[in-house]
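Trainee: Protein chains in written order, with my numbering: chain A, -16 to 125; chain B, -16 to 125; chain C, -16 to 125; chain D, -16 to 125; chain E, -16 to 125; chain F, -16 to 125.
Derived by calculation from the structure, the hints in this document are not laboratory data.
Hints should not be assumed to be uniformly reliable.
Pairs count within a copy or across copies, as identical chains cannot be separated in the list.
Simulated pairs of lysine to aspartate or glutamate, EDC-like, Cα-Cα distance not exceeding 16 Å [stated by the list, open to error]:
#, residue 1, residue 2
1, 111, -14
2, 15, -14
3, 103, -14
4, -10, 106
5, 119, 57
6, 76, 12
7, 103, 123
8, 114, 12
9, 103, 121
10, 119, 106
11, 21, -14
12, 21, 57
13, 111, 123
Number of protein chains: 6
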Amino acid sequence: MVDITQKQSTYRTAIAQAVIKVSSMVTIDAIKKGTVPKGDVFSMSKAAGFLGVKKTADLLPDCHPLPVEHCAIDYEINGLDITVKVMVKTFYKTGVEVEAMHGASVVALNMYDMLKPIDKGVEIHHIKLLKKTGGKSDIENT
Amino acid sequence: MVDITQKQSTYRTAIAQAVIKVSSMVTIDAIKKGTVPKGDVFSMSKAAGFLGVKKTADLLPDCHPLPVEHCAIDYEINGLDITVKVMVKTFYKTGVEVEAMHGASVVALNMYDMLKPIDKGVEIHHIKLLKKTGGKSDIENT
Amino acid sequence: MVDITQKQSTYRTAIAQAVIKVSSMVTIDAIKKGTVPKGDVFSMSKAAGFLGVKKTADLLPDCHPLPVEHCAIDYEINGLDITVKVMVKTFYKTGVEVEAMHGASVVALNMYDMLKPIDKGVEIHHIKLLKKTGGKSDIENT
Amino acid sequence: MVDITQKQSTYRTAIAQAVIKVSSMVTIDAIKKGTVPKGDVFSMSKAAGFLGVKKTADLLPDCHPLPVEHCAIDYEINGLDITVKVMVKTFYKTGVEVEAMHGASVVALNMYDMLKPIDKGVEIHHIKLLKKTGGKSDIENT
Amino acid sequence: MVDITQKQSTYRTAIAQAVIKVSSMVTIDAIKKGTVPKGDVFSMSKAAGFLGVKKTADLLPDCHPLPVEHCAIDYEINGLDITVKVMVKTFYKTGVEVEAMHGASVVALNMYDMLKPIDKGVEIHHIKLLKKTGGKSDIENT
Amino acid sequence: MVDITQKQSTYRTAIAQAVIKVSSMVTIDAIKKGTVPKGDVFSMSKAAGFLGVKKTADLLPDCHPLPVEHCAIDYEINGLDITVKVMVKTFYKTGVEVEAMHGASVVALNMYDMLKPIDKGVEIHHIKLLKKTGGKSDIENT
């Protein structure tokens, strides 16, 4: 684990994305109308994603535990694609990229898990970091 | 959470895959030679993946806790692509697809986390279920 | 921890209840209309409750880990009172009363946490077991 | 999750309470004499409560992880009522009310779990915040 | 992780031991009289040990999650030595040796943690498996 | 739990040690050559140890959660003895001795778990604090 004892806390943000592709507009409609049998897909997946962000250091050995000071999760529907964006912020000595990516991955997996009974063709695409600020260098992936 | 109290335990397997793309052969060489500063990438990510598989029900609200009775993680290098395959087996009332997919996602994230200091361009592609057996229907994605 | 190695698995159910009292109909309206700033209170608290049920043995030392095979959470609004009912089922050697009660407690706490910014007067009343079946004796509290 | 990156750390305290009602003085005597078969009820429930306080953010999605810097748990017996008070302190950007309330709930549930074999009539009443200091406003419930 | 899907569940027990050596009889007296400032050392360490046993598979990657169906923790004082014995039982496909040893280790560490303020010389000796039954071979270490 | 709200954060380090004794040079060779069936013993045990360090406050009730800011794990082979050293660093209000000792214990247990199939005679000796700096007094055990 990298030694960060001598680093200064600075403001850090990261936004990660996952794309979930469903196989039919029937699935999209069920999500929008709240008729998926397991419940409200976006709200429950947001809950899972917040917990996923907070538990990243419980799963990745080399990852420093850190105070997650903000997390927001948004969804955008585009045809059969649902894009999840997870933003994480902290004021600490190390960045929150992996936390944002783990959050995006958990949201996507939870959507898969909730939609599985009504759609066998759900796929999870590109989990990637869109942007980070703070630390040695900012990154913007487009 | 689906009611599985009246279901019979049967033999279940699932194989999930994640593809990690690094940006240079220098990274591949560092992994193979064991010179990545954070340690042995494949072994440590396997450890993370096993834990990720076991903790799936801790993160996904609707997911039943279940006895993970086998887990194996393999890596295949193909140019700049590293394909991770996570196989999970159980003898229980419900399947292990989501567990295998969460394991693949955690392995990929751990590789990203360990490689980040030497390669800023690592990307995580397609986390998907390759195959499942047991339960109502077998699935094979090719 | 009680020795249950020689017991037979049987079908077990438990229903626990918590009552949350808010201080104004404005709060009830915000919940119903989905305008609480932190998100959909019932769905996110259901997610928290499912996790609370599953993690009971992680918190209570003497409590056996067990396969939670069904969980359902319902809400009923009655004036300023919101009654949460958590049903848990398993097919195992020991009962799920404490799991249902922990679930009810976590749902109530999560509602408190989400409503706090808009209502300073939320109170959590009576967390109690309503009913259990299976094991040495059935219980029904009315 | 509320964005607290720009807030200042301040001294925060919270005291929460739960009331456990047992059904007979025999139960009270067993607790006092340390003859409850599962062990010392007050000490083991204190252990559970400390862990419950520390794991609050693991269960409530919107709750910020924070450094629990003090926790004390006291018991007061009054006839058949046992009042548990959980005090939590931190020096951080957000308060510890929910942590104290979750601690009180876990202590009460653990007492219920340990007493169940000798008293079928244990009930958990009023889990509530008694007092908080720090943050925008102090609260005192009497 | 070893594949145990095809194994039969059998009755398994394991007893592990840790020896904690304190530096003075004053410490032993404080433990016996219950005057250690952090609380009742044996009861709180028993609580920690139960949780340690149950969480073994959360920490050791290759370790199968299993239903811990009995756990008992005993202490024996002999001069400055305190011997902790942790017995674990299950009816499952794999043994509980590592669970018993992790439990013994957590009890010993918790005693160390609670005694540290009054005794700087506490040492943890020999964590070892004393006995196991069930599985391919019984073991008895003397 | 000791009240640390009024303490200043200072630089803290701790080094703990565990000694694992295997029963034959065949085991040592298998570790060195990477032919242990469960995988690379040193890398996977390092992963387990990092997680063990980070989860100490999840298991020990009285232990403060703290930001683990550095962790390093080293192995030294001496005949049949393998000495594990776990160094932990933080910049916080309380020390990391127990974290380092829990890490050493988890590394030792994971080695035991991975080696069990090829060596029935593995023993875990002396888990002890070698050194700490920061806080009221430095300690050096030789």
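Trainee: In ascending order, which of the hints set out earlier in this document are inconsistent with the structure?
Mentor: 1, 2, 3, 4, 5, 6, 8, 10
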